[in-house]
Amino acid sequence: MCWRERNGHCHGERFDERRRGWIITVCDIGAAVNLFAQLGGTPSAGGAWSGPSPVVGGNYDPGTMTAGVYTYTVTGVAPCANASATVTVAETSSPDAGSNGSVTVCGDGTATDLFTELGGTPDAGGTWSGPSAIVGGSYDPATMTPGVYTYTLTATAPCVSASATVTVTENASTNAGADGSITVCDIGAAVNLFAQLGGTPSAGGAWSGPSPVVGGNYDPATMTAGVYTYTVAGVAPCANASATVTVAETSSPDAGSNGSVTVCGDGVATDLFTELGGTPDAGGTWSGPSAIVGGNYDPATMNPGVYTYTLNATAPCVSASATVTVAENATNERWHG
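If you read the sequence shown in numbering that gives the first Met the number 0, its first letter stands for residue 0, the second for the next number, and so on.
No lab work stands behind these hints: they were computed from the structure. Keep in mind that a hint or two might mislead.
The calculated label-pair distances, taken between Cβ atoms and stated as ranges, are [what the hints assert, rightly or not]:
(1) Gly198 x Ser98: 36 to 44 Å
(2) Thr109 x Gly56: 53 to 61 Å
(3) Thr115 x Gly56: 39 to 47 Å
(4) Pro211 x Ser101: 36 to 44 Å
(5) Thr230 x Asp95: 40 to 48 Å
(6) Thr115 x Thr313: 21 to 29 Å
(7) Thr300 x Asp280: 24 to 32 Å
(8) Thr151 x Ala36: 28 to 36 Å
(9) Val68 x Thr153: 24 to 32 Å
(10) Ala171 x Asn216: 23 to 31 Å
(11) Ala247 x Gly282: 19 to 27 Å
(12) Ala235 x Pro53: 23 to 31 Å
(13) Val305 x Thr278: 19 to 27 Å
(14) Thr182 x Ala235: 32 to 40 Å
These numbers come from a predicted model, not from an experiment. Glycine is no exception: its CB is placed at the ideal position from the N, C-alpha and C atoms.
From just these sequences and the hints, can you work out the full model?
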């Protein structure tokens, strides 16, 4: 390609006083140029061209020919001598910005060199433009907006600037939240594990742990305490994310079931613990109408009624209690005459 500065000649074209010829500059990927049209004056048609490359059809084609001095010769009819003039062709190199590319990054990923995402063999030294300002030729998902980023190389006339794009797509980073922990009672209600995670975890993940997790809940009646892991699958190139909930269980106390006993007013002391039903845990305390010593009911010193056996619990379990109802029959007395 060339451009004109005066009728009949290319812009940038100049006359070479030393060689008495014209100089034109073309782009190495430009269209073919008619050499005859680059001659000054009023040259006769029908001459022949010679130069670094064979000239076909009187044209210089930068795609197939070598720049240099091309000579146009018109054969003279004797006694006239031959006449010649030259056109010196110079080429400027066109920039190569490569071909369009694309890249998908993770929202919490590291910076990506956009130049490496261009196709082909782009020339270095260009500039980037796009939705966000680009520093160092890299796309940083922490500070930048996805979209189309354009790489531009400025050309030396008559070549034109070249550009190619990299389309950046950003996938949201996965978030499983922060680790959590919970203590439950072994006879407590089911607990939602997701609610025990810290942060802002994404829904839709999967649970794994010592026991299969159904409905996202931990049920102390059927499951084993331990570390339960919540995993959210990442969309490539984002990696999976996981967080844990550590479940601890406290044992609930068993105070047994209510019982009753009837004693004689002059009978021996009765161990109240043995009057409870079921399989009560030892270590509790008794309360009732009379103070209880050693866990026994002594009809000689105590009043009948309801005596309560209580076992304290470790939170979140609650205390347990059961009762023994004591009835006391009067003693039989004999009168002597």
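Here is what the structure says about each hint:
Checked against the given bound of 36 to 44 Å, the beta carbons of glycine 198 and serine 98, roughly 42 Å apart, stay inside it. Between threonine 109 and glycine 56, the C-beta spacing of about 56 Å keeps the proposed range 53 to 61 Å intact. Checked against the hint of 39 to 47 Å, the pair threonine 115 and glycine 56 passes, with Cβ atoms roughly 43 Å apart. Take proline 211 and serine 101: their Cβ atoms lie about 41 Å apart, and the range 36 to 44 Å holds.
For the hinted restraint 40 to 48 Å between threonine 230 and aspartate 95, the CB-CB distance of approximately 46 Å keeps it satisfied. Between threonine 115 and threonine 313 the CB atoms are about 60 Å apart, so this pair departs from the stated range of 21 to 29 Å. Checked against the hint of 24 to 32 Å, the C-beta distance between threonine 300 and aspartate 280 comes to roughly 27 Å, which is consistent with it. At roughly 33 Å, the beta carbons of threonine 151 and alanine 36 sit within the given window of 28 to 36 Å.
Between valine 68 and threonine 153 the beta carbon distance is about 29 Å. The supplied range of 24 to 32 Å therefore holds. Between alanine 171 and asparagine 216 the CB atoms are about 27 Å apart, so this pair conforms to the stated range of 23 to 31 Å. For alanine 247 and glycine 282, the Cβ-Cβ distance of about 22 Å falls inside the hinted range of 19 to 27 Å, so the restraint holds. Checked against the hint of 23 to 31 Å, the C-beta distance between alanine 235 and proline 53 comes to roughly 55 Å, which is inconsistent with it.
Hint check: valine 305 to threonine 278, Cβ distance near 21 Å, so the stated range 19 to 27 Å holds. Range check, threonine 182 to alanine 235: about 38 Å between beta-carbon atoms, so the 32 to 40 Å window is met.
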